[in-house]
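Based on the provided sequences and hints, a complete structural model is requested.
Numbering of the sequence shown is given in the numbering used here, commencing with residue 4 and proceeding in unit increments.
Because the hints were derived from the structure by calculation, they are not lab data.
Careful: at least some of the hints might be erroneous.
To be verified - Restricting the straight-line Cα-Cα distance to at most 20 Å, the calculated cross-link-like pairs of lysine to aspartate or glutamate (DMTMM-like) are: (1) Lys84 x Asp149; (2) Lys84 x Asp148; (3) Lys84 x Glu15; (4) Lys84 x Glu100.
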Amino acid sequence: MTRIFQIGLAIESFLNIVGAVPFVLYPDWCLSFAVAADPETGASSVPPSSAVLWQFYGVMVLALTVPLIQCIPDSEAVAEKRRIIFQTLIAGEVLLEAVLLWHAARPAQSGFTLTALLLSAVNLLPALSWHSFVVYINPGLMRSDDEAAAKSGKKKL
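Here's what the structure looks like:
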């Protein structure tokens with residue numbers, strides 16, 4: 004079962020990197036799809052401050068990916084390390100969901116389109132669901148094969 008978990012961590016890390024690199028390198032392009040049009044001119048332009056904050060977000064995604072990558076290989080106390088990392092990610096995802104939905108309730112004041120806010124909230128749900136499932140419903144998935152065998156009393160060859 005550990006192999007499946009490790010593959011999941013590798014996929015999540017890969018998707019984080021592929022998704023966050025454009026955030027850092029091309030923030031204006033990424034945000035151009037989400038920024039609401041100016042009511043007076045009808046044009047939509049990304050404020051420089053928003054582009055910088057979007058780059059910060061991309062950097063944070065990349066930074067939080069480092070511990071995910073580090074806990075792919077089995078090691079001593081890997082289940083505890085994975086649990087701490089996933090709980091950190093859950094906290095961030097829950098808070099991001101709250102902020103996105105709060106702004107979705109009043110999109111005109113957020114500067115983003117309602118569609119962008121809702122799509123962002125929906126796109127966080129798979130990661131939040133996966134992290135919550137592993138931490139709170141099936142924490143055994145985080146154990147290494149050696150830990151699982153020791154816990155069940157079986158010896159691994």
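Please write out, lowest number first, the hints stated earlier that are contradicted by the structure.
4
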